[in-house]
Amino acid sequence: MIETELIALLKKRDRAAFKSIVDTWQDMVYNTAIGILQNAEDAEDVTQEVFISIFESVSSFKGESKFSTWVYRITVSKAMDHIRKKKRKKRFAFIQTLYGKNDEPVIDPPDFFHPGISLENKENAAVLFKALEQLPPNQKTAFVLNKVEGLSYLDIGEVMKISGAAVDALLHRAKGNLRKILKDFYTAMNKN
Amino acid sequence: MDDKFLNKKVDDIMQSIDGIKRASPRPFLFTRLEARMENEKNIWATLSSFVAKPVVALICICFIVIINAMVIFMANSPSDSLTQQGNELAAADEYSQVSTAFYEFENPKP
Numbered sequence: 001m002i003e004t005e006l007i008a009l010l011k012k013r014d015r016a017a018f019k020s021i022v023d024t025w026q027d028m029v030y031n032t033a034i035g036i037l038q039n040a041e042d043a044e045d046v047t048q049e050v051f052i053s054i055f056e057s058v059s060s061f062k063g064e065s066k067f068s069t070w071v072y073r074i075t076v077s078k079a080m081d082h083i084r085k086k087k088r089k090k091r092f093a094f095i096q097t098l099y100g101k102n103d104e105p106v107i108d109p110p111d112f113f114h115p116g117i118s119l120e121n122k123e124n125a126a127v128l129f130k131a132l133e134q135l136p137p138n139q140k141t142a143f144v145l146n147k148v149e150g151l152s153y154l155d156i157g158e159v160m161k162i163s164g165a166a167v168d169a170l171l172h173r174a175k176g177n178l179r180k181i182l183k184d185f186y187t188a189m190n191k192n
Numbered sequence: 193m194d195d196k197f198l199n200k201k202v203d204d205i206m207q208s209i210d211g212i213k214r215a216s217p218r219p220f221l222f223t224r225l226e227a228r229m230e231n232e233k234n235i236w237a238t239l240s241s242f243v244a245k246p247v248v249a250l251i252c253i254c255f256i257v258i259i260n261a262m263v264i265f266m267a268n269s270p271s272d273s274l275t276q277q278g279n280e281l282a283a284a285d286e287y288s289q290v291s292t293a294f295y296e297f298e299n300p301k302p
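Just so you know, the protein sequences line up as chains R and G, in that order. Residue 41 in the numbering used here sits at position 41 of the first sequence, and the numbers go up by one each step. In short: position in the second sequence from 1, add 192, done, that's the numbering used here.
Chain R on its own, in the form it takes in the complex (with noise of 0.2 Å):
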C-alpha cells in the first residue's frame, strides 16, 4: 500500500494502517530518540509517544512535507520535550535531598553504547555520545540527524525548518565545539 493511502486511512482512524505506519517508520523514529536520549527506555517511552502523537494529528499532516520530514519533526520535539521534563524532575530531586525529603542520591546516567556501533568503536563512540551532551540542542539535534540517521544537509534543513547553508554552519560548529570539548577532557584527564 502506497503512504498517500496509508496516510488517509489512518485518517479513518484504521487500526491496520496504523500498525503498518508502526511497523514502517519504528526504526527510524526510534533510532533517532535513542541518539538524542542515549537511553533505550527513554527511546522506548518517546518513540511510543511519537506514534500517539502521529495517530491523534495526522488530521493536521496536510501534505505539504514529506511525511518522514512531519514524523521526524515530530521524533526531535518529543525527544527535546523528554529532556526537558528530566531536567526539570532532576531539579526537583536535588532540592528534595537538600530538604531531607529524599535520601537517594542522584546519579549520574553510565556511559551510552548505541546498540548500532561495531564492538572496536563502542568506548571511542561512548566518549563522543558523552561530549555530544554538551552541545546545545539544535546542533545535537543536526548532527544525530547526519550522522546517526544519516540524513542529507537538505531533509535536515526540512526537518530543522532552516536552509542548507544554516545546516552547513550548524554541523560545522557541532563538530568544532565536539572537538574542543574532547580536547580540553583529554588535556584535563593528562593533567590529573
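Some hints could be false.
Derived pair list, reagent style DSS-like, types lysine-lysine, alpha-carbon separation capped at 25 Å [claimed, not checked]:
{"hint": "1", "chain 1": "G", "residue 1": "K233", "chain 2": "R", "residue 2": "K161"}
{"hint": "2", "chain 1": "R", "residue 1": "K11", "chain 2": "G", "residue 2": "K245"}
{"hint": "3", "chain 1": "R", "residue 1": "K130", "chain 2": "G", "residue 2": "K196"}
{"hint": "4", "chain 1": "G", "residue 1": "K233", "chain 2": "R", "residue 2": "K11"}
{"hint": "5", "chain 1": "R", "residue 1": "K191", "chain 2": "G", "residue 2": "K196"}
What follows is a set of in silico ranges between Cβ atoms, one per label pair, in the way DEER data are often shown [what the hints assert, rightly or not]:
{"hint": "6", "chain 1": "R", "residue 1": "R88", "chain 2": "G", "residue 2": "L250", "range": "17 to 27 Å"}
{"hint": "7", "chain 1": "G", "residue 1": "A261", "chain 2": "R", "residue 2": "K86", "range": "33 to 43 Å"}
{"hint": "8", "chain 1": "R", "residue 1": "A169", "chain 2": "G", "residue 2": "R228", "range": "37 to 47 Å"}
{"hint": "9", "chain 1": "R", "residue 1": "D111", "chain 2": "G", "residue 2": "D210", "range": "18 to 28 Å"}
{"hint": "10", "chain 1": "G", "residue 1": "A261", "chain 2": "R", "residue 2": "E3", "range": "50 to 60 Å"}
{"hint": "11", "chain 1": "R", "residue 1": "F61", "chain 2": "G", "residue 2": "T238", "range": "16 to 26 Å"}
{"hint": "12", "chain 1": "G", "residue 1": "I258", "chain 2": "R", "residue 2": "G150", "range": "47 to 57 Å"}
{"hint": "13", "chain 1": "G", "residue 1": "N231", "chain 2": "R", "residue 2": "F92", "range": "23 to 33 Å"}
In short, the hints are calculated from the structure, not lab data. Ideal placement from N, C-alpha and C gives every residue a C-beta, glycine not left out.
For this one, chain R is given, so just place chain G on it according to the hints.
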C-alpha cells in the same frame, strides 16, 4: 599527551560513529503501544492533557494576572475607598454601632 597524539585520538573518536547501524526497539512495539493508548483513554488522562496544554495554561495565567491587577487597582483607588469609608460611617451613625466594650474593660463594675 602531545598535540599530534591528541589530534589523532580526537579524530578517531569523531570517526567512531561512521557507518553506524540503525537501532531497533524491542519486539512487539505495536502491542505495547495499543495497551498504552487504551490506558490513556480514561478521563483523568484527557483532563490532565487538556490542562497541560500551553494555551490553557496561558489563559489561566492571564486570568490570574487580570484578577490581581483588578484587585490592586480597586484597592488603590482613592475615590472608591473614600466612598466606602463614608458609607461605613453613615451606616454606623444611623444604627448607633458604637462599641462600648472598651469602656467596660477600663472601668469594671465592682
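For each hint, the structure was consulted:
Among the hinted pairs, G:K233 with R:K161 is inconsistent with the structure: their alpha-carbon atoms are about 33 Å apart, more than 25 Å. For the hint pairing R:K11 with G:K245, the CA-to-CA distance comes to about 23 Å; that is within 25 Å, so the pair holds. Straight-line distance between C-alpha atoms of R:K130 and G:K196 comes to about 23 Å, which keeps the hinted pair within the 25 Å bound. For the given pair, G:K233 sits about 18 Å from R:K11 by alpha-carbon distance, which is consistent with the 25 Å threshold.
For the hint linking R:K191 to G:K196, the alpha-carbon distance of about 17 Å falls within 25 Å, and the restraint holds. The beta-carbon spacing between R:R88 and G:L250, approximately 19 Å, falls within the hinted interval of 17 to 27 Å. Between G:A261 and R:K86 the beta carbon distance is about 36 Å. The supplied range of 33 to 43 Å therefore holds. Look at R:A169 against G:R228: about 39 Å separates their beta carbons, and that is inside 37 to 47 Å.
Roughly 19 Å separates the CB atoms of R:D111 and G:D210, a value that falls within the hinted 18 to 28 Å. The hinted range of 50 to 60 Å is satisfied by G:A261 and R:E3, whose Cβ atoms lie roughly 52 Å apart. At about 22 Å, the CB distance of R:F61 to G:T238 agrees with the hint of 16 to 26 Å. A hinted range of 47 to 57 Å holds for the C-beta pair G:I258 and R:G150, which are about 51 Å apart.
As the Cβ distance of G:N231 to R:F92 is approximately 25 Å, the hint placing it in 23 to 33 Å holds.
Hint 1 from the list above is the single one not met by this structure.
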